[in-house]
Amino acid sequence: MLDAHIQAQLVSYLQRIRQPVELVASLDASGDAEQMRTLLEQIAALDQRVTARFDGTAARRPSFRVTRAGADMGIEFAAIPMGHEFTSLVLALLHAGGHPPKVTSEVVEQIGALAADGDELVFETWMSLSCQNCPDVVQALNLMAALNPRVRHVAIDGALFQGEVEARQIMAVPAVFLNGKPFASGRMELGEILARLDTGAAARDAARLGAKDAFDMLVVGGGPAGAAAAIYAARKGIRTGLVAERMGGQTLDTLAIENYVSVLETQGPRFAAALEAHVRAYDVDVMSGQRVAALVPAAAPGGEIGVRLENGATLRARSVVLAPGARWRKVGVPGEAEYANKGVAYCPHCDGPLFKGKRVAVIGGGNSGVEAAIDLAGVVRHVTVIEFLPQLKADAVLVSKLKSLANVTVHVNARTTEISGDGQRVDGLVFEDRASGVSQRIELAGVFVQIGLVPHTAFLEGTLELNRHGEIVVDARGATSVRGVYAAGDATTVPFKQIVIAAGEGAKAALAAFDHLIRAPAPVAGVAAGEAVTAA
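If you read the sequence shown in the working numbering, its first letter stands for residue 201, the second for the next number, and so on.
Treat the hints as calculated values from the structure; they're not laboratory data. Quick reminder that beta carbons are idealized off the backbone N, C-alpha and C, glycines included. There's no promise every hint is true.
Said to hold, decoys possible - Only pairs whose alpha carbons sit at most 20 Å apart, straight line, appear in this in silico PhoX-like list of lysine-lysine:
(1) Lys603 / Lys593
(2) Lys381 / Lys542
(3) Lys530 / Lys593
(4) Lys542 / Lys530
(5) Lys556 / Lys542
(6) Lys697 / Lys593
(7) Lys542 / Lys558
As the list claims (entries may be wrong) - Across the chosen pairs, the derived CB separations fall in these ranges:
(8) Leu589 / Arg216: 52 to 60 Å
(9) Asn607 / Ala313: 50 to 58 Å
(10) Arg216 / Arg668: 52 to 60 Å
(11) Ala676 / Arg408: 37 to 45 Å
(12) Arg216 / Thr609: 45 to 53 Å
(13) Ser600 / Leu653: 21 to 29 Å
(14) Pro695 / Glu538: 31 to 39 Å
(15) Ala537 / Arg615: 15 to 23 Å
(16) Ala313 / Glu241: 33 to 41 Å
(17) Gln640 / Ser681: 44 to 52 Å
(18) Val308 / Ala606: 52 to 60 Å
(19) Ala537 / Ala316: 33 to 41 Å
Sequences are here, hints too, so could you generate the full structure?
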């Protein structure tokens, strides 16, 4: 299963383990079990400190546990962790073998304090191997299990255990259960998981962040625009901070990137990791896992601009670069909200495998919609594409590929009017022919929405100028209507929402903000955001 190149890489990683590791498999007579056996035998053959056993007693088969020899570590894979999850397996091996994780001592202490009353925290994560959002969740929970013996985690491939997927009514991944009950769904980082489990974490976090000194430049957003802005600011030698809900932004939800100049081809999560590594290579105070609630303009020239977080803390800065990015646009029809994660999905790469052999629809005929339909056609029984305009908007090469697929039907000039369900999950979609007014209902199990993006700017309403689409209005230098505040990326009025454009705009906004700093009046001591300056 592992080619020579991957084996060579794995050998170098396994050299970092400090204590013997055991792979304990519980197999059955299936072909998947044979593949799992082959994988584990190949790994064990690469380092004498790794052994594979096939006498496991787990009820879910095939599966295997990763544990430190002589211990009962709660890391388990009910999956053949290749694809996006191969990194999860490598990290599990390293952490079980005593290699120190790349988290702070405070986080290690926080994990160790979980379930101090002795009750176990048993997590199950339903994922798919093609999901680029799942590894963050799997790796975070595996790390918790490696550091705390009272935490156990099993990562389950939904395509391998479809009976359980049906029984649990799981329609989107990653889906996390805690002690048998739904805990969370969608991408989560370690900090978010810990915040849900440790109720005092938010207050401690707010106190820590609120005590920080004012920044010369504070960047809001961790995507390409935000990362570029932070790098350019830090290179000027000024005090730079970056606050973001997640590093990487939308690139984390992008499967393949083939149009970033000088990078022939890469995957979104890999690109996001490179962005974060580049930012952290400079003296940037990175505050990830934080949501911004409001922007508080300076009360007077020389005063500080405030960025208030949802946890109550307020960060202060002499200049701000806004790069909050965007999110998937919703259709806004009856049934969409009711059946979110119950058949209504926004990531075909993540959730497509859950609909293997079923009928689905894709709403949207642009590049993202047609790419999704092509992708899904190789997994599901049939794909119906619903496009509002009289023709598909995607590139000609994609449209040609779509039309060559036998299990795809396209309806153009069609308005989606309802997503229906049986109370538990999606069972159909209703659309109207815009020319004739005739409605048609199609039976299906899933609906993938691919109709563009909405800027993350609700927290700015009433503070600075937005256009009718909710985009931040900027000039040629990235300046907004508020003095000292600049913006870049997909949340702005700059046309063509592309990674390379966002990165360039982020750099430009940072340079313009720095130019503002060197020309601005000297900071007024003791004047914070929102405070007035009284004339002597």
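Hints, one by one, checked against the model:
1. Lys603 / Lys593: Given pair Lys603, Lys593 holds - Cα atoms ~14 Å apart, limit 20 Å.
2. Lys381 / Lys542: holds, 16 Å
3. Lys530 / Lys593: Holds: Lys530 and Lys593 sit about 18 Å apart, inside 20 Å.
4. Lys542 / Lys530: Between Lys542 and Lys530 the Cα gap is close to 15 Å, so the pair holds against 20 Å.
5. Lys556 / Lys542: It holds: about 15 Å lies between the C-alpha atoms, which stays within 20 Å.
6. Lys697 / Lys593: holds, 16 Å
7. Lys542 / Lys558: holds, 14 Å
8. Leu589 / Arg216: 52 to 60 Å: holds, 54 Å
9. Asn607 / Ala313: 50 to 58 Å: holds, 52 Å
10. Arg216 / Arg668: 52 to 60 Å: holds, 54 Å
11. Ala676 / Arg408: 37 to 45 Å: holds, 38 Å
12. Arg216 / Thr609: 45 to 53 Å: Holds - the Cβ-Cβ distance for Arg216 and Thr609, about 51 Å, lies within 45 to 53 Å.
13. Ser600 / Leu653: 21 to 29 Å: Holds - the Cβ-Cβ distance for Ser600 and Leu653, about 25 Å, lies within 21 to 29 Å.
14. Pro695 / Glu538: 31 to 39 Å: Holds, since Pro695 and Glu538 (Cβ atoms, about 35 Å apart) stay within the stated range.
15. Ala537 / Arg615: 15 to 23 Å: Cβ of Ala537 to Cβ of Arg615: about 18 Å, so the range 15 to 23 Å holds.
16. Ala313 / Glu241: 33 to 41 Å: holds, 38 Å
17. Gln640 / Ser681: 44 to 52 Å: At roughly 46 Å between Cβ atoms, Ser681 and Gln640 fall inside 44 to 52 Å, so the hint holds.
18. Val308 / Ala606: 52 to 60 Å: Holds, at about 54 Å.
19. Ala537 / Ala316: 33 to 41 Å: holds, 38 Å
Hint violations for this structure: none, all hints satisfied.
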